[in-house]
Amino acid sequence: MAANVAWREGSGASALFDAALATVGQKLSQSTVQIIDGRRGAGSGVIWRAPGWIVTNAHVVRTPRVKVHLPDGRKFDAELVARDPDNDLAVLRADEPDLPIAEIGSSTELRVGELVIAAGCPYGLRGSVSAGVVHAIGPVGALGDRLWIQADLELAPGNSGGPLANARGCVIGINTMIAGGLGLAIPSRDVEQFLRRVMLQKRAA
Amino acid sequence: MSSSSDSASASNRASTAAALVALSNDLANAAERAGQGVVAIHARHRVPSSGIHWQKGAAVAADHTVKRDEDIQISLPDGRTVAATLAGRDPSTDIAVLKFEAGSLAPSEVLDSSLRVGNLVLAVSRTEGNHLGASFGAISAAGGAWRTWRGGQIDQFVRLDVAIYVGFSGSALVDPQGRVVGLNTSGLARGLAMAIPPSTVNRVVQDLLSKGHVSRGFLGIGMQPVRLPEDLRGRLKLSAETGAILVSVEPDGPAGQAGLMLGDVLLALDGQPIRDTDDIQAHLGPEKIGKAVAASVLRGGASLQVSIQVGERPRRGR
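Heads up: the sequence lines are chains A and B, in that order. Taken in order, the first sequence gives residues 1 to 205; the numbers are from the numbering used here. Taken in order, the second sequence gives residues 206 to 523; the numbers are from the numbering used here.
Please note that the accuracy of each hint is not assured.
[Stated by the list, open to error] Only pairs whose alpha carbons sit at most 25 Å apart, straight line, appear in this in silico SDA-like list of lysine to any residue: (1) A:K75 / A:G52; (2) A:K27 / B:K261; (3) B:K261 / B:D360; (4) B:K272 / B:T286; (5) A:K75 / A:A156; (6) B:K272 / A:K75; (7) B:K272 / A:A142; (8) B:K272 / A:G181; (9) A:K27 / B:A219; (10) B:K272 / A:A179; (11) A:K27 / B:G342; (12) A:K27 / B:V226; (13) B:K493 / B:A350; (14) A:K27 / B:S216; (15) A:K27 / B:S415; (16) B:K272 / A:A156; (17) A:K27 / B:A222; (18) B:K272 / B:S415; (19) B:K272 / B:G464.
Rather than coming from a laboratory, the hints here were simulated on the basis of the structure.
The following block holds chain B by itself, in its conformation from the complex (with noise of 0.2 Å):
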């Protein structure tokens, strides 16, 4: 090897190495300033969860680590643990909001921005003693809207490679230059790392702020699967092999109202077969509110068509 190729490539190899420790200082930096506007909450037994200080006093968590509805605190970045009060909950899209005194601290620099497949990211969280965790990898798969087994809208499909630790769900989804770009969670499919976009965390954050929850379509009725039999559905032309059998009705509930019975097999809404309850779930968005839903039912072994004015789901208290 000549001497010249020597120097060459020894240059080379410090250029190299200084990259990659450039990279290591801009990673580090995002965590702390990101770090910034992420919060532990004490909602559970032992190990506090993450969130995110989404708008000044108000910050968003997963809803599923939020194990209670009293008695919460949240620890800031500056080192002091408040007492926060839940303002609502939204388990369609696995997010709660807690409301707490910020006092001279800000708020996450949130970025909506469309994020893409390969976009390098880290999760940054906050937990046991209020230290700061973060783990780093990239989106995994982006793509258009889509929503959750129980009928939550979210606008962005984000899937993360990043490594799932205790603290990883309500963690915040940062970009390499330190801004909030999405709320991670675990909790909406399957144990898989998902982020939810700021488009639909700040929809969700109004309505639980306004109204403490998140308008729900209801009809009154407990179901069950049901296949349905060969004979019948060869008679009927029926191409759905399920339905759902109402095992409950509520007699002042919209379903009951329009005279559905116990025994009916649901097998259509506005067209769109019933295989199972997540598929009525996911039917019942808040924009079907006081809409009339046609409703094709099984009863005694003949089809007929009955419309249901849709309620609103009452409140429930854990």
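Looking at chain A on its own, in the form it has when it is part of the complex (with noise of 0.2 Å):
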């Protein structure tokens, strides 16, 4: 990844696209970790809410602690809090003082065409970055009623659980699954009302 853009005048739409992808990128990929459980990267992960709260895909955890890695070096523990299965969300929390939180965004205002880009680990190559657009926001075939937000992102084994983002950086959806050549993300909105449910079972615990 680029650490310096330099913006040059009159350098033309296709450098600014250029320039402009690669920072968003970079933001987007400060709050995007990996996830290693057990021995090997198992997928990635977004920082979605202070203190430490650690979204990711419920196929992606599967033992009660994780080791977790930040692209800035750190690495750190985090416990598995809760996992839904049924939703493939699962939500980690970690200790780690000062983790860069991500910004959320809302996927209710998603439109077919907008431009949209994924973080994570493909393949266990941390800091990755790809760029697509919106294909559609819907139901897929054998996949039930739920809506997908499918995209025309290259993502790959260990993308999973990171981030989907709009144009602005903001998180929009979790990449979840590739099916029929396109990304497959769960919405934003379907996080936030899964970790609404999590906190409501915490506090009646």
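Quick one: dock chain against chain with the hints and give me the complex.
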């Protein structure tokens, strides 16, 4: 990832797009973690909320305690707080201070054709960024009634649990699977609902 | 770092971020605008395919996605689903034309522009649930006119670097301003994402609406590729290694009338070597109908020249 992006006057729309994508991608990567479950990189996650709440897919986390790697080099442990296999969501909690929190956006305003950016660790490659557009928002054939954000992104194993962001760099989905040549993400609205349920259960307990 | 360069880089970041948002909005607007001319076609099992409302009341689709001739419906951008009739098919260019009652719905804004490598494009489709779909990429290769493996003439070679997904074939190739600049299909070149330029679509639509088919040259033969023996090639000084052996000859067809027989091996047409059946298809475009073509033939170990009057391919029911 380019650490320094220079914007030269009059260099044209393509250079601007290039610089913009690098800038937004870099910002997004800062709050994107790699989750190590057992001895191998299992997937990605998003530092969703303070203090230390990390959202990922349920299929990424199978043990009560996992290791988390931040792009700035920090490594720490996180505990599995709740797992919802039906919705393929999970939330972890880490005690690490000063964590960069992702900016969360609204998934309900997404439009077909809008640019989206995914960050994560495909094949264990940290700090990876991919861009495409929203292909469609809606149910997907064999996957039932729930709404998926479908994007024409190049996702790979290891991207699961990582963020899907809009052109502003605000996270509007969690990358979950690849189907029919497209990347599917759980909308941020579903993640917020999941977190509300988890909080309510914690209070009740 | 000094504070002035801090604020400069901060304002740089703000401008570049705004640029991305602006591009994102442009693309979403282009998809929405082009979507007003993209339809969903129900002519196969399960998932509908995409089509483009090309002229008022006529939609084009990728022929290979139209799996039946009757009982076809079209879902329109205004939400209506109406019955459609198949006006005709041209498998050689993978285009089919459907007619339907458009009402007040306007056809697509189509631009016949010369596409260049690197031009950014969207592929806009309409599929399940009548929803729009889009994928984004660039023109990855552009060249001059080319012939498909089935002998269809396409006016510009346009290959795309976009994700191919269910509904891609028959989707609209769209420029960042939302204008339709081609008909997309993966059925023309071994599954590659290609686009058919508007001039070709217009030509085929004309033929299909007026005649119901695109004329193709016809010889009335069934053939198979065959390897030519070394000694024969040496004796007759033939450069080609293969030819097409006639395994059937329609007695009343153009080749039969010209005296060709079962077992003859076709070596060349008008000097063009025939290695397999695709070469013959490529040679029999509509412009050859009624013209004489010189066939070089191998019969019983000797070569001869036969002149065949090319006929018109009769319409076959599907």
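Hints, verified against the model:
Taking the CA atoms of K75 (chain A) and G52 (chain A), the gap is about 13 Å. The hint holds against a cut of 25 Å. Note on K27 (chain A) and K261 (chain B): the hinted pairing is violated, with a Cα-Cα distance of about 48 Å set against a maximum of 25 Å. The suggested pairing of K261 (chain B) with D360 (chain B) holds, with an alpha-carbon distance near 23 Å, which does not exceed 25 Å. For the given pair, K272 (chain B) sits about 18 Å from T286 (chain B) by alpha-carbon distance, which is consistent with the 25 Å threshold.
Pair hint K75 (chain A) plus A156 (chain A) holds up; C-alpha atoms about 23 Å apart against a cutoff of 25 Å. Restraint check: the Cα-Cα separation between K272 (chain B) and K75 (chain A) comes to about 56 Å, which exceeds 25 Å; the hinted pair is violated. Distance hint between K272 (chain B) and A142 (chain A) is fulfilled; the C-alpha atoms sit about 22 Å from each other, no more than 25 Å. Of the supplied pair hints, the one linking K272 (chain B) and G181 (chain A) holds, its CA atoms being roughly 23 Å apart against a limit of 25 Å.
A threshold of 25 Å between alpha carbons decides the hint, and for K27 (chain A) with A219 (chain B) the separation of about 12 Å falls inside it, so the pair holds. With a CA separation close to 24 Å, the supplied pair K272 (chain B) and A179 (chain A) stays within the 25 Å bound. A C-alpha spacing of about 24 Å is found between K27 (chain A) and G342 (chain B), which places the hinted pair at or below 25 Å, so the restraint holds. Between K27 (chain A) and V226 (chain B) the alpha-carbon distance is near 15 Å, which keeps this suggested pair within the 25 Å criterion.
A distance of roughly 18 Å separates the Cα atoms of K493 (chain B) and A350 (chain B); the hinted pair therefore holds under the 25 Å criterion. Taking the CA atoms of K27 (chain A) and S216 (chain B), the gap is near 15 Å; set against the 25 Å cutoff, the hint holds. Only pairs whose Cα atoms come within 25 Å are accepted, and K27 (chain A) paired with S415 (chain B) is rejected, the gap being roughly 58 Å. For the hint pairing K272 (chain B) with A156 (chain A), the CA-to-CA distance comes to about 33 Å; that exceeds 25 Å, so the pair is violated.
The straight-line distance between the Cα atoms of K27 (chain A) and A222 (chain B) is roughly 11 Å, inside the 25 Å bound, and the hint therefore holds. Among the hinted pairs, K272 (chain B) with S415 (chain B) is consistent with the structure: their alpha-carbon atoms are about 22 Å apart, no more than 25 Å. Restraint check for K272 (chain B) and G464 (chain B): not satisfied, since their Cα atoms lie roughly 38 Å apart, outside the 25 Å limit.
The structure does not agree with the numbered hints 2, 6, 15, 16, 19 stated previously, though it agrees with the rest.
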